[in-house]
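Visitor: What follows is the residue order along each chain.
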Amino acid sequence: MTERTLIQAVNSALQDALAGDERVLLLGEDIGVNGGVFRATEGLLEMFGEHRVVDTPLSEAGILGTAVGLAANGLIPIAEIQFMGFIYPGFEQLVAHVARLRTRSRGRYSAPMVVRVPYGGRIRAPELHSDSTETYFIHTPGLTVVTPSNPYDAKGLLLAAAASPDPVIFLEPMHIYRAFRQEVPDDPYTVPLGQAAVVKPGKDVTVISWGSMVRDVAKIAEAMEGSGGPSVELVDLRTLSPIDEDTVFASVRRTGRAVIVHEAVQSLGLGAELAARISEFCILDLEAPVTRVAAWDVPPPLFRLEDWHVPTEARIRAGIERVMTF
Amino acid sequence: MTERTLIQAVNSALQDALAGDERVLLLGEDIGVNGGVFRATEGLLEMFGEHRVVDTPLSEAGILGTAVGLAANGLIPIAEIQFMGFIYPGFEQLVAHVARLRTRSRGRYSAPMVVRVPYGGRIRAPELHSDSTETYFIHTPGLTVVTPSNPYDAKGLLLAAAASPDPVIFLEPMHIYRAFRQEVPDDPYTVPLGQAAVVKPGKDVTVISWGSMVRDVAKIAEAMEGSGGPSVELVDLRTLSPIDEDTVFASVRRTGRAVIVHEAVQSLGLGAELAARISEFCILDLEAPVTRVAAWDVPPPLFRLEDWHVPTEARIRAGIERVMTF
Amino acid sequence: MADTAMLRKPSDVTDDVLLNLYTEMVRLRVFDRRCVRLQRAGRIGTYPPLEGQEACQVASTLALRRQDFVVPTYRDYGAMMVHGVPMEHILMYWNGRAEGCEIPDDVNVFPIAVPIATQLPHAAGLAWAAKLRGIDQVALGFFGDGASSEGDFHEALNFAGVFQIPVIFFCENNQYAISVPFRRQTATQTIAEKAAAYGVRGVRVNGQDALEVYRAVRSAVEQAAAGGGPTLIEALTYRYGAHTTSDDPSKYRDPSEADAWRERDPIVQLRQSLVSWGLWDDEAETELLERLESEVTAAVARMEALGPPNPDHLFDCVYAELSPHLERQRRALRAELKDWEGTDQ
Amino acid sequence: MADTAMLRKPSDVTDDVLLNLYTEMVRLRVFDRRCVRLQRAGRIGTYPPLEGQEACQVASTLALRRQDFVVPTYRDYGAMMVHGVPMEHILMYWNGRAEGCEIPDDVNVFPIAVPIATQLPHAAGLAWAAKLRGIDQVALGFFGDGASSEGDFHEALNFAGVFQIPVIFFCENNQYAISVPFRRQTATQTIAEKAAAYGVRGVRVNGQDALEVYRAVRSAVEQAAAGGGPTLIEALTYRYGAHTTSDDPSKYRDPSEADAWRERDPIVQLRQSLVSWGLWDDEAETELLERLESEVTAAVARMEALGPPNPDHLFDCVYAELSPHLERQRRALRAELKDWEGTDQ
Ligand SMILES: Cc1ncc(C[n+]2csc(CCOP(=O)(O)OP(=O)(O)O)c2C)c(N)n1
Ligand SMILES: Cc1ncc(C[n+]2csc(CCOP(=O)(O)OP(=O)(O)O)c2C)c(N)n1
Ligand SMILES: [Mg+2]
Ligand SMILES: [Mg+2]
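Those sequence lines, one after another, are chains A, B, C and D.
The opening position of the first sequence corresponds to residue 0 in numbering that gives the first Met the number 0, with each subsequent residue numbered one higher.
The opening position of the second sequence corresponds to residue 0 in numbering that gives the first Met the number 0, with each subsequent residue numbered one higher.
The opening position of the third sequence corresponds to residue 0 in numbering that gives the first Met the number 0, with each subsequent residue numbered one higher.
The opening position of the fourth sequence corresponds to residue 0 in numbering that gives the first Met the number 0, with each subsequent residue numbered one higher.
Simulated from the structure, these hints should not be mistaken for laboratory data.
Any given hint could turn out to be false.
[Stated by the list, open to error] According to the in silico footprint, chain A covers these stretches of chain B (three or more CB under 8 Å from chain A):
1. 179 to 189
2. 281 to 291
[To be verified] Simulated restraints, written as ranges between beta carbons of each label pair:
3. 227/C to 83/D: 51 to 59 Å
4. 191/A to 304/C: 40 to 48 Å
5. 230/B to 334/C: 52 to 60 Å
6. 106/A to 134/D: 51 to 59 Å
[Stated by the list, open to error] Part of the chain B face toward chain D, derived, beta carbon under 7 Å:
7. 58
8. 140
9. 241
Where a beta carbon is used, it is the ideal one built from N, C-alpha and C, also for glycine.
Construct the entire structure; sequences and hints are all you get.
Guide: Below is the structure:
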């Protein structure tokens with residue numbers, strides 16, 4: 000056990016993945032000599048050599064496209080895309096090939112790979128470095144989409160992703176890369192894909208969130224409870240596709256109220272799907288319409304306005320109060 | 000007035016756009032000499048010359064990327080992407096630039112352009128020629144997303160799109176390119192963007208659909224009504240982003256029930272957003288949970304299975320019956 | 000190729016290979032013509048004929064070793080069959096049947112790439128994996144002249160150059176991308192010269208000359224396998240027919256152009272040589288054509304003997320395992336079909 | 000450039016231009032060094048220094064005409080200022096202020112492109128529009144060595160070649176893409192040679208020599224304006240500092256490398272020439288530095304005098320008009336802010 004930040008947990012998982020399976024290799028821009036722009040791959044080139052930790056040309060379609068071939072021919076690529084805003088040049092490869100290779104070859108080939116993508120705002124980054132467009136991937140059948148909200152899950156989910164027979168988009172919330180430390184086992188372990196976590200039990204209202212927002216919601220929930228407010232059950236979705244309906248529905252059926260909080264813009268953010276499914280399957284238990292607290296439907300702004308773009312504390316509180324007082 | 004198919008109405012609109020504004024030019028693969036793989040641009044090269052009807056290299060990022068420059072420097076490009084499955088190589092240009100140019104330059108530049116994209120299934124096309132991934136564009140602030148369900152709207156919406164100060168993704172439902180004819184004025188006219196149409200009034204249940212599915216739903220609704228079933232109000236959304244909430248909400252408030260039918264896969268298909276918004280804003284008028292009838296959450300299959308992938312008549316009927324009997 | 004040259008029998012290619020080149024080219028042509036007829040009769044869907052490009056597909060593929068990868072476009076089902084994909088799978092594929100996507104486990108052929116140029120990074124990746132794993136294996140990625148305009152072409156060639164990947168990029172330059180002529184695709188005279196921009200070897204061959212193609216690929220395979228890195232081969236060729244059965248080439252080119260190319264038909268040329276070398280005669284030809292016609296007939300019969308499409312195929316290979324959500328959707332579809340089978344619609 | 004050559008005063012460039020080249024380069028350097036300090040002090044956000052690349056940005060831009068377009072990357076704010084963007088806008092941009100995105104109506108500068116190589120098709124499109132509209136205008140698109148690996152580089156160059164677009168692609172080859180050295184970016188020796196793959200002229204210049212850069216761009220502008228089509232210019236240069244203020248170059252290169260490049264510093268070199276030609280002296284230098292320091296100080300003051308960020312900026316330029324849905328969201332945010340202003344958080 001070592002106290003690790005989320006980015007250190009990622010680094011530890013990558014090290015274990017490389018050490019544990021010689022088929023694993025890392026691909027990306029600046030991941031070798033430089034150790035990654037966030038230091039996720041620090042030290043790994045020295046440990047595993049340049050055939051397993053590969054600095055590629057600046058070429059996302061090249062990275063994801065060759066990863067398809069690498070994966071289909073017996074390797075397990077873990078690709079780093081530097082920021083979510085830079086995955087778009089490789090979008091065709093993801094949508095047309097990575098996601099569909101198994102179907103398109105009726106199982107003869109598959110594309111087991113992990114695409115690591117730092118995402119989200121609130122790190123005062125330059126333009127286009129703060130997108131939260133997980134919808135593009137969730138809406139693409141064939142992809143698994145995962146995001147951790149803490150160091151322990153980061154390592155466990157990443158190792159599970161590397162072991163998955165299917166391609167996994169692994170979203171890393173930059174805002175909490177170094178926000179706090181947690182005990183993280185030194186040995187490899189997995190946190191299963193497809194399973195949400197109830198990170199805080201409660202009885203009046205279910206809040207569903209993921210990534211960096213989980214921490215915000217947890218604080219707000221505690222503060223509200225501390226001051227006589229409602230008892231919030233907080234569900235960390237962890238896997239965004241497929242959705243863990245069992246956990247989500249069970250919680251909402253218990254509390255009768257649901258609020259979804261995410262950094263993505265509201266229209267067709269994952270909150271829409273969650274709201275639609277909850278309304279369909281839990282309708283008889285709902286005491287109030289499902290409420291979404293999301294970013295406004297405008298592009299992520301330059302950083303001086305970003306705190307007003309994503310859900311603020313006030314908006315999250317208001318969302319919870321809205322379903323409580325409906 | 001001439002009886003025209005949808006594709007002929009598109010052709011007529013393009014001709015009017017070129018004739019009416021010398022800033023308009025068409026860009027695309029095979030749109031000149033060949034008149035387009037669907038003949039949407041037939042005859043236009045002869046009429047307007049090769050500087051206004053431009054056969055480009057096979058290069059979608061090139062088309063959409065140069066269109067940004069063309070639009071910012073005084074022209075109005077109308078680009079044809081051959082099939083929706085082939086817009087992905089230009090996705091970065093769309094998401095990072097086309098959609099954001101106005102914001103990113105605080106209004107100094109904008110990217111008024113139309114991107115015409117044949118989409119949807121049920122024409123027995125080869126692989127990857129049947130995608131319905133409008134979600135990717137609807138979820139992208141800065142884009143307007145439009146799709147007609149009949150020849151009259153096709154011409155009017157396309158001319159409105161060409162006159163829009165903002166970039167418009169114009170989705171053309173291939174399934175009904177030649178399915179039927181309609182009186183279409185020879186002169187230019189517009190159908191306003193952002194306005195849905197109640198194509199069939201009814202009182203028991205609102206069905207919201209768009210593109211080629213509108214026709215299917217209309218037939219089913221009439222058949223159901225004819226055999227003593229519920230009275231269906233059919234809303235053709237026409238503009239998928241922004242959503243015409245006034246029309247949608249007014250209809251649902253009247254009928255108390257809503258079903259959304261679309262060809263896109265269910266998870267984060269536009270039905271999710273509609274369901275979420277209707278549940279939020281019309282909750283007190285709803286007699287039943289909003290129901291979605293969509294494609295299964297798997298990639299569009301080779302064509303012998305495509306009719307089982309998109310909503311079938313049985314599934315649409317079942318959806319309507321489900322909200323009626325809730 | 001001058002007539003006198005045709006008379007000299009090559010010493011670097013065995014008789015078996017010469018005969019193989021010929022019979023496989025004829026096989027593709029017989030298959031292709033049948034498919035065009037099947038499409039017209041509504042017995043298969045849209046189909047992209049390859050007639051004219053047989054030397055490119057056959058000679059390149061025969062120059063590979065069994066372990067090497069063929070990475071095709073939609074037009075390279077000919078190469079796929081040469082490398083071992085059963086003919087009926089190709090038929091099923093163009094008939095919209097999921098079964099057509101099956102590739103036997105011991106056949107190193109990648110699925111058909113429909114989005115242009117996207118297969119080239121795959122070819123690079125497959126070959127790169129072989130290099131990293133220390134396997135003696137190369138990959139050959141086919142592409143068209145139009146594909147050279149896409150970003151994926153560039154990124155694949157660049158990776159191949161930087162990582163010295165044992166991959167061969169084989170361009171069937173048939174001079175049209177649907178209707179767009181090569182001169183509108185690029186301002187260069189050739190595709191081969193583009194290789195230099197990536198530090199990659201570039202070669203241009205006569206795509207109507209099976210032997211020239213064969214030698215170029217064989218040499219590229221040898222170099223790749225020996226650690227000599229990638230090669231880009233451009234084969235100048237022509238499709239006699241339409242881009243696909245939905246296309247009307249008279250819109251964009253003069254039929255005399257195709258006629259001129261038919262004068263240099265790869266099959267006719269090789270047959271003349273084989274006859275002059277005493278390896279072929281009319282009897283062999285008749286026998287071959289009969290055999291191939293019945294091979295195709297049998298494959299068509301197998302395609303048409305397939306039962307109704309199986310809706311489970313929608314779901315069964317999307318993920319390694321179905322999520323509960325997809326399981327629910329599959330159950331719903333099954334239920335719907337049961338109802339539907341119950342009616343007489 | 001040999002010392003003797005430096006002594007000969009060029010006859011093809013006016014004294015005004017020579018002095019402009021120099022003063023603008025110094026202006027960028029003064030600005031750049033201040034920005035690095037501002038960032039360290041937390042007064043602006045992440046910032047990508049350009050020190051070392053002044054000749055590339057200044058000389059290329061000064062060789063343009065006022066009507067020509069500058070199409071920059073994140074590192075080309077220097078060129079943007081040279082072409083007329085107010086210094087305080089650049090400061091505001093790197094300070095995360097929406098106001099920093101404003102570009103005066105009469106300044107033909109495109110917004111900074113952050114996604115690599117995406118600006119190159121824009122440059123081609125802007126220049127293509129000029130050609131189609133019969134306007135005498137070219138566009139110059141900047142890019143880095145790393146950008147040459149992206150598909151958008153390829154597609155832009157290809158369009159430019161095919162349509163003979165009056166565009167100039169100007170590569171500041173500073174030999175690193177963040178940490179990745181040029182030799183890992185491509186297997187070719189130069190970027191300039193890649194131009195041939197598109198039928199485009201390719202030129203390589205010493206990016207530390209302002210005059211050489213100036214002449215190359217001037218000639219490319221003349222050719223483009225005369226209908227001679229596109230040019231790719233590669234200027235060999237070096238960034239002395241970090242990729243951005245978040246980067247630590249000691250991770251991937253030896254400091255001695257930067258030292259060696261500083262010996263060929265473009266500003267020092269031009270100053271020596273100017274002095275030897277009698278166009279410059281210590282007094283002029285002192286005066287210039289003072290003037291520039293106060294220009295920068297004033298710009299910083301204007302940036303810091305901006306009031307609190309205006310949340311309406313989130314909404315006001317997304318579409319030409321707000322939809323009712325966005326109007327509702329804007330109202331909600333305004334309401335929230337009102338509450339928030341009411342508290343003393
Ligand atoms: C990314 C993408 N854009 C457009 C298309 C539509 N399309 C199919 S084939 C084709 C022309 C391809 O030309 P070429 O590469 O020369 O190959 P050929 O068909 O001549 O064999 C086009 C434009 C596509 N399949 N993929
Ligand atoms: C599409 C994309 N991928 C990755 C990045 C992250 N990134 C920012 S700058 C940079 C290196 C660019 O190198 P180069 O083109 O040589 O320009 P330089 O920074 O040296 O001026 C990278 C990888 C990006 N901005 N866009
Ligand atoms: Mg071709
Ligand atoms: Mg660089």
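Visitor: For every hint, state whether the structure bears it out.
Guide: Cross-check of the supplied hints:
For the stretch 179 to 189 of chain B, the assignment as covered by chain A is violated, since 0 residues bring a beta-carbon within under 8 Å of that chain's beta-carbons and 3 are needed. Against chain A, the stretch 281 to 291 of chain B contributes 5 residues with a C-beta closer than 8 Å to a partner C-beta. That satisfies the three-residue criterion, and the hint holds. Roughly 52 Å separates the CB atoms of residue 227/C and residue 83/D, a value that falls within the hinted 51 to 59 Å. For the pair residue 191/A and residue 304/C, the supplied restraint of 40 to 48 Å holds, since their beta-carbon distance comes to about 43 Å.
Distance hint check: the CB atoms of residue 230/B and residue 334/C are about 27 Å apart, inconsistent with the given range 52 to 60 Å. Evaluation of the 51 to 59 Å hint for residue 106/A and residue 134/D yields a pass: the beta carbon distance comes to about 57 Å. Here the hint on residue 58/B is kept, as its CB sits about 5 Å from the closest CB of chain D, short of 7 Å. Interface restraint check for residue 140/B: the shortest CB-CB distance to chain D comes to about 6 Å, inside 7 Å, so the restraint holds.
Of the supplied interface hints, the one on residue 241/B holds, with its beta-carbon coming within about 4 Å of a beta-carbon of chain D, less than 7 Å.
The structure is inconsistent with the numbered hints 1 and 5, although it conforms to all the rest.
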